[in-house]
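S.K.: Input sequences plus hints: build the corresponding full structure.
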Amino acid sequence: MSIDSKIKQLAKEYASETIANRRYLHTNPELSFQEYNTARFVAQKLKDIGLTPQEGVADTGVVAIIEGKNPESKVIGLRADMDALPIFEKNDVPYKSINEGVMHACGHDVHTSSLLGTAKILHQLRDEFEGSIKLVFQPAEEKAPGGASIMIKEGVLENPAPASMLGQHVAPNVPVGKIGFREGMYMASTDELYLTIKGKGGHGAMPDQLIDPVLIASHVIVSLQQIISRNRKPANPSVLSFGRFIADGVTNVIPNEVTIQGTFRCMDEEWREDGLRRMKKMAEGITEAMGGVCDFEVVKGYPFLKNHPELTRRMKNEAIAYMGAENVIDLDLWMAGEDFAFYSQVVDSCFYRLGTRNEARGIISGVHTPTFDIDETALEIGPGLMSWLAIRELVKQ
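Just so it is clear: in the sequence shown, position 275 is 274 by numbering that gives the first Met the number 0, and no numbers are missing.
Since the hints were derived computationally from the structure, they do not count as laboratory data. A few of these clues could be false.
[Said to hold, decoys possible] Quick list of in silico lysine to aspartate or glutamate cross-link-like pairs, DMTMM-like style, CA-CA up to 25 Å:
(1) LYS280 to GLU296
(2) LYS11 to GLU269
(3) LYS299 to ASP329
(4) LYS46 to GLU12
(5) LYS5 to GLU375
(6) LYS152 to ASP247
(7) LYS46 to ASP126
(8) LYS46 to GLU182
(9) LYS232 to ASP267
(10) LYS279 to ASP294
(11) LYS152 to ASP267
(12) LYS299 to GLU325
(13) LYS232 to GLU283
(14) LYS95 to ASP374
(15) LYS152 to GLU269
(16) LYS232 to GLU269
(17) LYS142 to GLU12
[Unchecked claim] Listed next, with one range per pair, are the computed distances between beta-carbon atoms:
(18) PRO369 to ARG276: 16 to 22 Å
(19) GLY203 to GLU358: 47 to 53 Å
(20) ARG360 to GLY203: 50 to 56 Å
(21) ARG276 to SER15: 52 to 58 Å
(22) PRO308 to PRO70: 16 to 22 Å
(23) ILE363 to ASP207: 31 to 37 Å
(24) SER15 to ILE97: 18 to 24 Å
(25) GLU127 to LYS232: 27 to 33 Å
(26) LYS46 to LYS152: 44 to 50 Å
(27) GLU287 to TYR35: 17 to 23 Å
Note that this is a predicted model, so its numbers are computed, not measured. Idealized CB from N, CA, C, for every residue including glycine.
M.R.: As structure tokens, then:
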């Protein structure tokens, strides 16, 4: 029997267990940096497979190694994130979250259970490949500074050092049974902007005696968009959005200050720094010119995610070999953020999407919504495909 046939057979055989693991994780979600029970669950499942997991990496992360023949010849890293979101689940399903206000609304339960399935397949087939597989179960993708950055600082990309990293993410806009890839730039850097515009408040009927922070803040918001439209290279994707503007006055009372919160996203680290520098300078300059004071704070998030072109091209071709060309699609740029980007800045990486949508069954909600769910058929496809990709990449010299 060919190796791909063996993988498909095992993926099918283990699918019910993978689904059960996913449902347990979905029922018992934990927030970023609080994944203690999740980590214990993952570690025990790895021990049951026959592996010796390293626990406590980045506090709640878990790492394990599957050694094939000649284990030091090459190492491939496989990553899954484990944390949930602060969302009240509205799904009426048997595996609904029992932790009120916490939900796996971004599919990390899928990623974790899928990688456990992959681990079981690869351990079963360890005598049929050369090299080693490093399994990375990562905490806190959803919260800065990101579990990936901490795991890297604690040496997850060393001893042994993976030649490349693979990761997958659910895609609720892609039909179940299909997989998506994109070479090069894929997901955006994410920085949070916090501005406080300080003026002098008072009665709305006497603006000449005031320094109106509402007016100043309005000028600032409109003017900052000029940086995106006039200082950025047109071919460089970038987004600046403000979602919070608080001027706590009333109809005839102008407040002393206004607070603004927004997000800046792009796909070029040099432009990222230049854009933030220009924004701070412009906001402070406009505010000063109008008589006020601007506090401009940036909370740095994740870098942009870049899929190594040659690696991603190989993985796409291998996915076609495993699933058929009709089931492999090209992805568009996505301006969301993802801390897998930290791996992609250090080692050749490929981050691809696992289709989970099923319109016939009403499974259509997007990630980060209280009704997000998946077609669990994906939990046979995901572990099998990742096992195949890992083995095929080990063969590549």
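S.K.: Does each hint fit the structure? Answer for all of them.
M.R.: Hints and how they fare:
With a C-alpha separation of about 12 Å, the suggested pair LYS280 and GLU296 falls inside the 25 Å cut-off, and the hint holds. Simply put, LYS11 and GLU269 have alpha-carbon atoms about 46 Å apart, too far for the 25 Å limit, and the pair is violated. Between LYS299 and ASP329, the direct Cα distance comes to roughly 30 Å. Violation of the 25 Å bound is thereby established for this hinted pair. At roughly 19 Å between alpha-carbon atoms, LYS46 and GLU12 fall within 25 Å of each other, so this suggested pair holds.
Taking the CA atoms of LYS5 and GLU375, the gap is about 21 Å. The hint holds against a cut of 25 Å. Distance check on the hinted pair: LYS152 and ASP247 sit about 42 Å apart at the alpha-carbon level, beyond 25 Å; violated. For the hint linking LYS46 to ASP126, the alpha-carbon distance of about 19 Å falls within 25 Å, and the restraint holds. In summary, the hint linking LYS46 to GLU182 is not supported, as the alpha carbons are separated by about 36 Å, beyond the 25 Å threshold.
Among the hinted pairs, LYS232 with ASP267 is consistent with the structure: their alpha-carbon atoms are about 10 Å apart, no more than 25 Å. Simply put, LYS279 and ASP294 have alpha-carbon atoms about 9 Å apart, close enough for the 25 Å limit, and the pair holds. Between LYS152 and ASP267 the alpha-carbon distance is near 23 Å, which keeps this suggested pair within the 25 Å criterion. Proximity of LYS299 to GLU325 is assessed by CA-CA distance (about 40 Å); at most 25 Å being required, the pair is judged violated.
This hinted pair checks out: LYS232 and GLU283 have alpha carbons roughly 24 Å apart, not beyond 25 Å. Our distance criterion of 25 Å between C-alpha atoms is met by LYS95 and ASP374, whose separation comes to about 15 Å. A threshold of 25 Å between alpha carbons decides the hint, and for LYS152 with GLU269 the separation of about 23 Å falls inside it, so the pair holds. Taking the CA atoms of LYS232 and GLU269, the gap is about 12 Å. The hint holds against a cut of 25 Å.
Proposed proximity of LYS142 and GLU12 is contradicted: the alpha carbons are some 35 Å apart, above 25 Å. Our hint of 16 to 22 Å for PRO369 and ARG276 is violated, since their Cβ atoms are close to 38 Å apart. Checked against the hint of 47 to 53 Å, the pair GLY203 and GLU358 passes, with Cβ atoms roughly 52 Å apart. As the Cβ distance of ARG360 to GLY203 is approximately 55 Å, the hint placing it in 50 to 56 Å holds.
Take ARG276 and SER15: their Cβ atoms lie about 54 Å apart, and the range 52 to 58 Å holds. Separated by about 28 Å at the C-beta atoms, PRO308 and PRO70 break the suggested range of 16 to 22 Å. With their beta carbons about 55 Å apart, ILE363 and ASP207 fall outside the hinted range of 31 to 37 Å. Hint check: SER15 to ILE97, Cβ distance near 22 Å, so the stated range 18 to 24 Å holds.
Distance hint check: the CB atoms of GLU127 and LYS232 are about 48 Å apart, inconsistent with the given range 27 to 33 Å. A beta carbon spacing of about 26 Å between LYS46 and LYS152 contradicts the range 44 to 50 Å that was offered as a hint. Remark: the range hint 17 to 23 Å for GLU287 to TYR35 is contradicted by a beta-carbon distance near 48 Å.
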